[in-house]
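**Student:** Following the hints, complete the assembly by docking chain B onto the known chain A.
Chain order of the listed sequences is A and B. Counting from 1, position 101 in the first sequence corresponds to residue 1425 in my numbering; the numbering is continuous, with no gaps. Counting from 1, position 115 in the second sequence corresponds to residue 118 in my numbering; the numbering is continuous, with no gaps.
In short, the hints are calculated from the structure, not lab data. Beta carbons: idealized from backbone N, C-alpha and C, even for Gly. Watch out, some of these pointers could steer you wrong.
What the hints assert, rightly or not - Simulated coverage check for chain B against chain A, where a stretch passes if three residues somewhere in it have a Cβ under 8 angstroms from a Cβ of chain A: (1) 40 to 48; (2) 109 to 117.
What the hints assert, rightly or not - Listing some non-contacts, in silico: residues in chain A with all C-beta distances to chain B over 10 angstroms: (3) Q1341; (4) A1348; (5) L1369; (6) G1377.
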Amino acid sequence: NAGVTQTPKFQVLKTGQSMTLQCAQDMNHNSMYWYRQDPGMGLRLIYYSASEGTTDKGEVPNGYNVSRLNKREFSLRLESAAPSQTSVYFCASRSGTVLSNYGYTFGSGTRLTVV
Amino acid sequence: GNSVTQMEGPVTLSEEAFLTINCTYTATGYPSLFWYVQYPGEGLQLLLKATKADDKGSNKGFEATYRKETTSFHLEKGSVQVSDSAVYFCALSDNSGGSNYKLTFGKGTLLTVNP
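So here's chain A without its partners, still in its complex pose (with noise of 0.2 angstroms):
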């Protein structure tokens, strides 16, 4: 099925440990997302990329770096975990057409422990 696919699904880490997100989309599209989901907070963004080549960041990008390898994939890098890191990730692509009215589509999340 087309869509956005993240590894892991789950992680546990500590503190100082790096570990890399994986998210990949076979769906064509340009624009490349990574939210974060924090109890009570909603969805904030760490980092996107508008397309292949360019990343900026978001609201909540310390701590986090990015790679768009290539048109399909955004990796989402913690070099020193730390436990206020602790979260649920979600990838997201967003189509580039007016008629999917530039629609996004997410991956199921990695939920990330740092004790």
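**Tutor:** Same frame as chain A, now just chain B:
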């Protein structure tokens, strides 16, 4: 900046009750408005959308009307079912050229429907 304020939860209803979840927004320009639904353990799914003033979005018995004069996009359903139990997010997409159509989310409202 853009912001979305939605009704604080949780909301608990009996099956077949009427549902309203309030959502108001602040935005420059002419945003598109969305309701997303998140079922337990899953990612976000688009429930309905509206792209201009007075548009009504509808899906699965849910409706919301884009009211520019009151900057609101309230979600309604005439008769809820147990299967509607989920978290509902109101969101807006800034459609100005430099924004890359980023989504701004409300904090979410947890709905529980009891049989």
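**Student:** All hints, please: hold or fail.
**Tutor:** Verification of the supplied hints:
1. 40 to 48: holds (count 4)
2. 109 to 117: Held - the segment 109 to 117 of chain B has 3 residues with a Cβ nearer than 8 angstroms to chain A, which meets the minimum of three.
3. Q1341: For A/Q1341, whose nearest Cβ neighbour in chain B is about 25 angstroms away, the distance exceeds 10 angstroms, so it holds.
4. A1348: holds (14 angstroms)
5. L1369: Violated: least Cβ distance 6 angstroms, not greater than 10 angstroms.
6. G1377: A/G1377 clear of chain B: closest Cβ-Cβ about 14 angstroms, beyond 10 angstroms.
Checked against the numbered hints above, the structure breaks only hint 5 and satisfies the rest.
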